[in-house]
Every structure is written in structure tokens, then in C-alpha cells.
Amino acid sequence: MDASQIIFFLSAALILVSALFVVTARNLVHAALWLIATLFGVAVLYVLLEAGFLAVVQVVVYIGAIAILFIFAVMLTRRDLLSQSSQTNANWPVALGVSALSLAAIAFIARGFGFSLDRPLAPVPTDSLERLGQALVSPQQFVLPFEVASVLLVAALVGAVYVAMNKK
Amino acid sequence: MSLNILAVLPEILILVVGILVLVLDPFWKKDEQRRVNLGWLTAGGLTVALVLSLLLDRPADPALAWGGMVRFDWLAFVFKMFILFAAAITALFFMDVERLGKRAEAYLLLLAATIGMCLMVSSSDLVMLFLAIETTSIPMYVLAGFMLDDKKSTEAGFKYLLFGAMTSAIFLYGLSLVYGFSGTTQLENMRSYFLSLNPISVGVLFLLVVGLGFKISLAPFHFWAPDTYEGAPTPVAGILSTASKAAGLAVLIRLFITAFPQVESNWQVILAVLAALSMTIGNLVALAQKNIKRLLAYSSIAHAGYALVGVVAGTRFGIEAVVYYLIAYVLTNLAAFGIVAAFGRVAGSDDIRAYDGLSRRSPYLALAMLVAFLSLAGMPPFGGFIAKVLVFAAAVEAGWYWLVIVGIINSVVGVYYYLTVMKYVYLYRMEGENEEAHPIPVTRPYAIAIVVLTIGIILTGTLFAPWFGLSTDAALSLFF
Amino acid sequence: MIPLSWYLYLSAALFAIGLYGVLARKNAIAILLGIELMLNAANINLVAFWRYTDPAQMAGQVFAIIVFAVAAAEVAVGLSLVISIYRARKTVIADELDLMKW
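Chains as they are written, first to last, in my numbering: chain A, 232 to 399; chain B, 707 to 1186; chain C, 171 to 272.
Derived by calculation from the structure, the hints in this document are not laboratory data.
Remember, predicted model here, so these are calculated numbers, not experimental data.
For glycine and all other residues, C-beta sits at the position ideal for the given N, C-alpha and C.
Worth double-checking, as some hints may not be accurate.
Some chain C residues close to chain B (C-beta under 10 angstroms, calculated; not the full set) [to be verified]: (1) MET171; (2) PRO173; (3) ALA183; (4) VAL192; (5) ILE205.
Covered stretches of chain B, as calculated for chain A (at least 3 residues, CB under 8 angstroms) [as the list claims (entries may be wrong)]: (6) 839 to 847; (7) 951 to 964.
Based on the provided sequences and hints, a complete structural model is requested.
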């Protein structure tokens, strides 16, 4: 077992354990904090996969913005937080069954495919960040989604501001 | 793969209208002035975009553009024109709805969603496809919950958001597997990777069908639709049930015919079961509804099922039939929701019983409603009739007899509840009231929109050739 | 060396945990947390597939970045809707929002 495998197992354990806490913690502030741990574990995986830029984006956007937004939202809707009642609904056994089933199905699919690629085909090019930047703005590649994403973000911004600032 | 401005011309024009809305809105200080100006600006701008696109933007041979992000073909063109049309009509409907009409945000979100829908029908790359679907959905979540002081509306937006976000996550997971197994995000390069009946393709297809089934509101992924339609502002429910659904079906057609032609027998069976379920559940539950918007919601679930019958057939004729079906359906259902909105804003109720004596309160509105509902029921000489005949014929031709039998039984059930509503409109009287004392005034934007739609319904039912020509061009562009 | 299948199993497990959270939780914010887990699972897939198939083609990473943008938009809109519904109804428990029958 080499070093990368050990790192993989550690971060996988971090991801799965904290994800379990995210979906089971009674106190939602705790759940949101566990989400940060999960997201951090995913960032480590990106580093292992040699996608350094994505790891940074994961930390800055996901942990820095999205997870913090969650914590704000939990704080602003505090009343339900204090209730000591169960945080799961009556259907939770069904939910457990469905997710176990989907895990089995997806793992089966992955097994049928995953072993065909045991090792990466090629090394990551040294200029991969440059390539990523070019791919995002090149008209021969992904400039259209890049621009449309800005439309989506403006629309989401306008929508969120409208909904949150409800003046009577 | 060229840099083809024409391939995204409608989107650019919509964007220009959106920027105008954003920039001009602060200059209109009074509510009344803003309502009128914003509404006509949006509706007019979309109409200009529609006309310009019709004149300049006819595609020649199908071609990929913008690095393969979008495919410039007749399928996309036909759908885009009807999406633009539906959005322009919806902007007219917005104008006289309290709160919705005087807020620039509403029009802006409508335009953003329209850009999303236009890209949905043309995208031929997984990245573009996912983004287009989200660009449609996220503004729609806000629009469904736009009436912030109305508890039903916020609840509608909220439920739509929760269901939508969950199914789009499932859909994304399916897309990630598709990308992994084929090693490409381009739909056209995928066809050689999904070769035969195997568990991998079945599993992936299942994930994708969950995501798209939600957008099209197919049973059993329809739970959000009745609540969202009931609570959302009526014009929003109208565009959700027409343009957004048509765009979802266009994605389904393109994705499955382009990327998975080799595994046809797989997805045909999955879709056939979903079509039968949707038709049956939609029609049976509609029988018990007391709220007209819920009734239309269940009816739209059933209609998604009918349209899917043509996709199941999977032949060129089948796709032609689906396109025709969607053209007729978009016109008809928009009219139905527009009439409900025009009635609801005066009468203040969406109860079916509130429609008692409508034929005396507003004979023209009642007549338009009769046309729309008969078309929904699939009666000649309206668009819904020819559309239904075509999809069933395509399914028979492809050998799906049991599905057609289910569909025909369901159509009969459908006729029953559509006519029940018309019974209230035409035969019942308002209790102890003189109907003439309670007229339903229809404002100018509504009058224009409803007249245009009614003419459209009649034209799709009587003048067969031009519409079928469009459908044929659209279907042809997919089979090459 | 880490085989691709390990990443796929991990992402499948994360996806299933997220799905459980979405289906079983009562609180709307908790449901959105579950959705974030599912999106991250998909992103692990995308990046892993990018690395193990052809890292010279950036499609997988671009896809992941688009997912970041979409997730941010979704969360902003989602949480603002949650807060507005909390203002109106003083609850964010999905089961209690039942003015209309599900």
C-alpha cells in the first residue's frame, strides 16, 4: 500500500463518516459543520486526482460560500432547531431502503466498468491549468456554457434578492 | 463546427430584451406605468425576436456549432420558435396578475428561463445540457413562489425547488456516468459506446429518465406538479406545463435518439411503462379534482404520457407525431391556463364550481374555454385531435398495440372530465344570482393572447400541412 | 496506485448517503444539505473520469466547474425560499407545509 492509497482511505473515511453525520445530526448547525468536513475531504480527493485548481475552488466556493450560507440559513430559522423531536420523517425506513438499493445498483454499474481502468491512461499535462482556462473561453470549446452560467447566476441573484427582501 | 451566430440568435435576442428590462426598469417610477411598459416591452421584444428568428434563422443542414455545444437543426428551430411564442404569451398573461405584473424581476426571470429552454432544445453536449436545464429550472423555482405574501405560492415554489434540486442531482449523477463510460461529453460521439442490452446502460438510462421524467412530470415523478400548479401564479403554471414540458421532451428525444440508438429496446420499454402510468394516473386522479388548476395539472401529466407514446414508437413518424402533438398541446394548454388566469383574477377562485354560469357571465371567454377543453379532450376539428391520431398511428405502426389500447381508453376517460367542466360553464347557473350582474371583464393583454391562441388551436386542427411540414423537418434533422 | 473503481465506489456511497438525507429528513435545510452531498458525489465521478480517461481533454473539469456554479445558484435561491417560507409560516419542516395535499 503506497502513500496515495493511505491518503485516499483517510479522506474517504472522513468523507463518509462526516456525510453520515450530515444526514443524521439532530442539530442542524452541527450538520452544516459536518458538511464542511465532507467538502474538505472531497477537496483532498481532487488533489489526489491532480486537479489542484478544482481543490482550491472547492475550498473557496463550496466551503467558503455555500457551507457558510447554510450556516446562516440555519441560524435564521432557529425555531425548529430547538425542538428535540426526531429530525427524520415517518418514511425514513423507505428512504433507507431506496438509498441502499441505489448504492447497490450504482456499485454494480461501477464494478462492471471501473476495473477496466486500473491506472490513469496518461499523465496530466503540465499546463493543465492553462488548458482549463482556454477550454472555458475558447469558442471551439466551452465558451457558450461559460457565458450562459453568467446568465444563470444573474437570474439566481435577482431571484434570491427579490425573495429575501420582501418589503411589505 | 463553426462559430455560428445564427445557432444562438434567438438566445442573443432574448438576452437583449432582458438587458433592456434591467436597464429601463428604474426609469419607470409609478407602478401602473411600470406594469404596462414592462409587459409590452417583454412581450413585444419576444415577438420581435420570434419574427427576426423566423426570417433570418432557418437552419440549413444540421450542423454543430460553438465547439459542439449546440446543434443547429430544425428540431431545435421548431421548438425554439414555439418556446419564444409561449414566453411572449406568458408575458402578456403576467401583466394583469397582481404583484407579478409590476415587478421587473418577474419578466427577467421569465426571460432567463426562456434562454434556458431554447438552449435545452438545441444542446448537444452534456455540459451545455445540464446547464441549460438548470437555467430553466432555477428561475422557475422563484417564479412559482413569486407571491411572497401568499402562503400557497411560497409553498409551491418551495416544493418545486426541493423536488427539482433532488432530481437534477440524480440526473447529473447519470450524466457523470455517461461521460465516464463514453469518455466524451458530445452526444453524437456516444452512440458507439452504449451498444447493447446490458446492466450499465439500463442503470444509466434509469438515472437519466428520473431527471427528465421530473421535468416532463411523468408519473411516478409527478408529485410536485399538482401542488406547484395549484399554488404558483396561474401564468407561471401555464408556461411550466407547456414550454418547459415541451423542452424536456425535446431533450428526451434528442438524447435518446442521438446518444442511445443502439439500445433502443431498453429505453423503449422503460418509456412505454412510464407513458402508460402517466396516462392512467393523470386521467384517473383528474376525475376527482375540484380545483381547476389541479385538474389541469393532472391532465398535463396525462398529456405528457400521450406525447411519450410517440417517442416510444421511436421511428421517424413517431418523432413527427410528437412534435405535432407538442405544437398543438402548447397552444391548447396555454390557452386553458390563460382563461383560468383571466377568470381567477376577477372571480378570485379556482374552484370548478365557481365556473357555474360562465357562459352567461362572459360568453366569449366561455367559447374560448370550450375550444381549449375540446382540443385537450382530443375532439375534431381542433389541434388536439390530429395530434392524438398521429401519435397513436405511429405507435400502431411500430407495433405497440397494448400501449395504444391503454391510450385510447384513457382518452375516453379524459373526455368525461373535460366535458364535466364544460357542463358547469354552459349548463349550470349561479345560484340565486343574475349572471349578467357579474360579468368577467377581460383586459386587453388577455384578450389578445387568448384570441391568438384560440385561432392557433383551430389552425392546427384544420390546416394540417404546414404544421406537419414543420414536424417532418424537425424529425428529419434527427435521423441522419 | 489507486484504481478508478475505488473512486466510483466512494462516490456511489456518498450519493446514497445524500439520497437518504434528502428522502428521510424533515427539515428543508437538511434536505438541501443532502442534495449538496449528491452533487459532490457526481463531481467526484467527473473529476475521476477526467483523470483516468484522457486528462489532456478538459471536458470533465469544465463540467465540474459548471456544477459548482449551478450549485451556488441553487443554494442561493433555495435558501432564500426557505427563509421566506419561514417568515410566513414559522416553520421549515417539509411535512408541515401542507396547505395543499401532496
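Checking hints one by one. Is C/ILE205 an interface residue toward chain B, by the C-beta closer than 10 angstroms rule? holds, 5 angstroms
Would you check whether C/VAL192 satisfies its interface hint, that is, whether its CB is within less than 10 angstroms of any CB in chain B? Interface hint status for C/VAL192: holds (5 angstroms vs cutoff 10 angstroms).
According to a criterion of three or more residues whose C-beta lies within less than 8 angstroms of a C-beta of chain A, is the stretch 839 to 847 of chain B covered? holds (count 5)
Per the CB criterion, is C/PRO173 less than 10 angstroms away from chain B? Hint violated; C/PRO173 Cβ to chain B Cβ min 14 angstroms, cut 10 angstroms.
Taking 10 angstroms as the limit, does the beta-carbon of C/ALA183 come near enough to a beta-carbon in chain B? Violated - the Cβ of C/ALA183 stays beyond 10 angstroms from chain B, reaching only about 13 angstroms at its closest.
Verdict on chain A covering the stretch 951 to 964 of chain B, where coverage means 3 or more residues with a C-beta closer than 8 angstroms: The restraint on the stretch 951 to 964 of chain B is violated, since only 0 of its residues have a Cβ under 8 angstroms from chain A and three are required.
Taking the closest Cβ pair, is C/MET171 under 10 angstroms from chain B? violated, 18 angstroms
When held up to the earlier numbered hints, the structure conflicts with 1, 2, 3 and 7 and fits the remainder.
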